[in-house]
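For reference, the chains in residue letters:
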Amino acid sequence: AQRVTQPEKLLSVFKGAPVELKCNYSYSGSPELFWYVQYSRQRLQLLLRHISRESIKGFTADLNKGETSFHLKKPFAQEEDSAMYYCALRDSGGSNYKLTFGKGTLLTVNP
Amino acid sequence: NAGVTQTPKFQVLKTGQSMTLQCAQDMNHEYMSWYRQDPGMGLRLIHYSVGAGITDQGEVPNGYNVSRSTTEDFPLRLLSAAPSQTSVYFCASRQREGSEQYFGPGTRLTVT
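These protein sequence lines map, in sequence, to chains A and B.
Residue numbers 1 to 111, in my numbering, belong to the letters of the first sequence in order.
Residue numbers 1001 to 1112, in my numbering, belong to the letters of the second sequence in order.
A portion of the hints provided could be inaccurate.
[What the hints assert, rightly or not] Each computed EDC-like pair below joins lysine to aspartate or glutamate, with the alpha-carbon atoms no more than 20 angstroms apart: (1) A:K98 <-> B:D1056; (2) A:K22 <-> A:E54; (3) A:K103 <-> B:E1072; (4) A:K9 <-> A:E79.
Rather than coming from a laboratory, the hints here were simulated on the basis of the structure.
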């Protein structure tokens, strides 16, 4: 069974400080990892996917298969980054179409 | 495109009542799914569908039914509402081979 663990329910940093949201996963197949973000009163939206290796809004995430992690990082947090962040996993092969989410981390960036 | 739409936005039910949460998408996506979002629990999959006429259970299906008569619509039915079903419900869709899942705005349901 696939599982996603986000160990921090809450994370609070000051503006300009680095931020790292942790995500660990367990899955025996070939996983595809994502970060979704939900700003206050808005719908969930895709932030990053590991296969594209892109930087969105200054955030990056690297898939570490050895440590089974996909941590989300940003060198200088901004107040507008305050949101709920969800890590998610999907099997990249076969017919497994289910997206499994972690429990989420609420990031607060203080002025 | 309107994307994924959900109605209603808010709903209050009494225990034992039934209702249907509506979800529609205009992107011709094969896959659609329903999640519930609860504090400290994240998003949990209720039911999903890989195409018209095909549905299956997710992680927390009890007390909910779904059907998929068209590609566009994927309604979620609460058969006999219970206070434990108080939650925010999200519908989502994506293409068969696509990796990005698109979410609706959510329905906040309170069962008293």
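Going down the list of hints, with the structure as the test:
no., hint, verdict
1, A:K98 <-> B:D1056, "11 angstroms, holds"
2, A:K22 <-> A:E54, "18 angstroms, holds"
3, A:K103 <-> B:E1072, "29 angstroms, violated"
4, A:K9 <-> A:E79, "18 angstroms, holds"
In summary, the structure is inconsistent with hint 3 from the numbered list given earlier, while agreeing with all the others.
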